[in-house]
Amino acid sequence: MTKKARPVAAITMLVMFAVVPLLITPAGAQQLSDRAKQVGGKFMCMCNCNQVLTGCNHLECSTMSAMLKELNQSVSRGDSEDAITQMFVQEFGTKVYAEPPKSGFSLVAWVLPSVYLFVGTGLVVFVISRWRKRPAAFAAAAPGISAELLERSRAQASRETQD
Amino acid sequence: MDVFGSFALVLAFVCAVYAFGGGIAAIFTRHPLLIKSTRQAGMATCGLIFVATFSLEYLFFSDNFSNAYVVAHSNRDLSTFYKIAALWSGQEGSLLFWSFLLAVYVLSVLVTYRNKNGELMPYVGVVMAGVQIFFLTLNNFVASPFKALASPGADGVMNYVARADGSGLNPLLQYPEMVIHPPNLYSGYTGFTIPFAFALGALLARYPGEKWIHLTRKWTMIAWMFQSMGILLGAHWAYAVLGWGGYWGWDPVENASFLPWLTGTAFLHSVMMQEKRGMMKVWNVWLVFSTFLLCILGTFLTRSGIVSSVHAFAQSSIGSWFVGFLLLIITVCFGAYLKNRDYLKSENQLDSIVSRESSFLFNNLILLVSCIAILSGTLFPVFSEWITGNRISVGAPFFNKVNIPIGLLLLFLTGVGPLLAWRKTSTESLKRNFGWPLGIGLVAGVIALVFGFREIYSWVCLILCVFVASTVGLEFYRGAKVIRARSGASFLASAVDLTLRNTRRYGGYIVHVGMVFVFIGLAGAAFNRDIQKDMQVGQTMQIGSYTLLLQGFDSKPEKNYTAQRMNVEVLRDKKPLMMLYPEKRHFSSNEQNGTMVAIYSTLKEDLYVVYAGDSPETNMPVLHAYLNPLVKWIWFGGAVVVFGTLVAMLPNRRAVLVLAGAPQPAAQPLAHGLTPSVTLREGHD
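Sequence order for the protein chains is A and B. Here the first sequence is numbered in the numbering used here, starting from 1 and rising by one per residue. Here the second sequence is numbered in the numbering used here, starting from 1 and rising by one per residue.
Keep in mind the hints are simulated off the structure, nothing from the lab. One or more hints might be untrue.
When the alpha-carbon atoms are kept at most 25 Å apart in a straight line, the in silico BS3-like pairs for lysine-lysine are as follows [what the hints assert, rightly or not]:
1) B:Lys533 x A:Lys42
2) B:Lys424 x B:Lys276
3) B:Lys401 x A:Lys37
4) A:Lys95 x A:Lys69
5) B:Lys276 x B:Lys218
6) B:Lys533 x A:Lys69
7) B:Lys481 x B:Lys431
8) A:Lys69 x A:Lys42
9) B:Lys401 x A:Lys42
10) A:Lys102 x B:Lys533
11) B:Lys632 x B:Lys604
12) A:Lys37 x A:Lys95
13) A:Lys37 x B:Lys533
14) A:Lys133 x B:Lys276
15) B:Lys401 x A:Lys95
16) A:Lys133 x B:Lys424
17) B:Lys556 x B:Lys533
Work out the full structure, taking the sequences as your base and the hints as a guide.
The following block contains the structure:
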């Protein structure tokens, strides 16, 4: 990029993307969800909609109404989040959790993604280090199949196929 | 007509069995007549499936209420538009529709390669016929859509009966996108059968690994594009119909559609490693196998009832068939791999860790981690029930917490990858390529902070979006500048010319820009607001800068339902802006209710208004309003992704000219005596 063009490109980019935060920034005071709404997001609606309690999509869902009513009562009593959780778990079982609790067997659900990432990263690093140590003409030295056979197969594939 | 359709399905099954068995015999005997006859049997299978599908559609259009499937999913007042969609609204019809779309692909492949790839095609034909046999088995013997209604007469003999009218279509499916969303999604699912068939066929034929990649690239891209469109249209349907204010709830059906998309995306990236460097051959074969397996697994999950879903309209005890099919595919894939894996050896070494090759490896890692994390999260309720006896739900909060960081990492790699050179990237090149994009991204981040941006994930996402868009913008700018200097054309014309010269590379960049738009839209979700209120006529509700005034109600009788509408006037800064009419619909044919959301959509935000029924306490109508920032960017980004994919599928302008004119120079042999594994007719980046 020429020295002349750089500022033009930079300003263009800035103007384009500076607009994005302006679009997102709340124009006025954001209406924060009340505590009931916040706590309600931690439970599933038990009407089988497979949505969180505050996001049930069933029109006039009686299950959601009843659960929200209980929730509102608990919140207005000043019950702790743990107490509300206990109340719902006693009533509906562990199915009511919107996310697995971070204890007992459920901890596995939280740990697994990190395990995948670490094991995967380890594998990628291992593969990269192996590839870096590999001689250039690796195919010729590949066990189980000779370079001639590989080349014959490749020639055959080229002969037998057209794009 | 139901007998006709049923008979066509039986014949299709017979033809598919012949195509499969005859194809195996053709592989061993190489007899030209046998090869030809099995190919024609494959074509006949497809033709007969078309006949069966059109027969079922005819039953819908002719209101033939002697057919059990038509009775269950249609009624006389259902509009013609939705009678098309009724085909895939239930288990039996959707499986037939699956066979239909698969037949479209199979026929396209058989016709396209009828005079080409003679040695490979019998293998491919056998695999495709094998998949067709499975679905035709379901269509014929497990879930036939051509069952006639019958009831026992006085003499105990079953008599055919016909109903006066049907039960009607599920109200949730009576929305325009339901006519285009499932065909797109199913086209994605079924489309991955083609790269799978070529990959398995090539492995069985002991091809070293390059040709099938080259042959199936466009098929894979077509399937991927349909899968992308299907996912986004499904998200839009959920947004506009379900009325909960969101577009993605990490529902098992949504997850099932996302899994093959992730592995398919990984494949479309890692395939370049194989084409360019002869590496990752085993990985690519298994990525294609996994993508196809995930398509079948997803279908199993959503149809078996093993996980519950709001999107599953076709659950039954059909799951065991899918389990059997999955096990069979896994066995065949493993067997073929173990037998012929020596033909998939990599041929190159990695020169540097800071290279395009490494970025592809990490890109694949992130996509795969996301895929496995979503899969294990989706299945966790089942596992928890097996192991502990208690079913523990895994809902949207879990998936968001796990996948948002992964998504941001992927977005970062989207920006980094294209800037790294193959083999090795020098420090100078890193500075030159990353300096400006990184600087622009950070400046955007500072601007966002100044304007009160305090959501950390959205903030990081914004910086990365600007970074990625800047990298792509600079790539276009640099390339177009060179063309402009030579041709003297305008900058825009030069950018178009640049794209057409290397459609794959620049089409890919356009796809990346589309993904940036999608991510911008997703980042807006952190700022969603909503308010719900029992309303009386004349009352107002405030959300953001909007004032909603309930002016009244009216009733709108339609042919198939009656809509109760709220007439809501929207004011901004006390000035009238527009009217919105959120609806509550009652479908008398099946006594079900549904909603129809009213949305005022701008690039800045969506004002999303739902008539949420009547309050049980006050008996007053409830208005639920949401203010969802930047949602429109998601749909726009989706359109850009599709456009970019179409561009990437175009032949290069230069390649077309070469093919039409001058002969190409002969390829120079490589130093070690091997010919290049792939002739790079098109740009590969």
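Taking the hints in turn, this is what the structure says about them:
1. B:Lys533 x A:Lys42: 22 Å, holds
2. B:Lys424 x B:Lys276: Between Lys424 of chain B and Lys276 of chain B the Cα gap is close to 14 Å, so the pair holds against 25 Å.
3. B:Lys401 x A:Lys37: 18 Å, holds
4. A:Lys95 x A:Lys69: 19 Å, holds
5. B:Lys276 x B:Lys218: Given pair Lys276 of chain B, Lys218 of chain B holds - Cα atoms ~17 Å apart, limit 25 Å.
6. B:Lys533 x A:Lys69: Holds, at about 15 Å.
7. B:Lys481 x B:Lys431: The hint holds at about 20 Å.
8. A:Lys69 x A:Lys42: 15 Å, holds
9. B:Lys401 x A:Lys42: 13 Å, holds
10. A:Lys102 x B:Lys533: This hinted pair is violated, its Cα atoms lying about 35 Å apart.
11. B:Lys632 x B:Lys604: 8 Å, holds
12. A:Lys37 x A:Lys95: Given pair Lys37 of chain A, Lys95 of chain A holds - Cα atoms ~19 Å apart, limit 25 Å.
13. A:Lys37 x B:Lys533: 14 Å, holds
14. A:Lys133 x B:Lys276: Measuring from Cα to Cα gives roughly 20 Å; hence the hint holds.
15. B:Lys401 x A:Lys95: 19 Å, holds
16. A:Lys133 x B:Lys424: 15 Å, holds
17. B:Lys556 x B:Lys533: OK: Lys556 of chain B and Lys533 of chain B at ~23 Å, within 25 Å.
In this structure, the one hint that does not hold is number 10.
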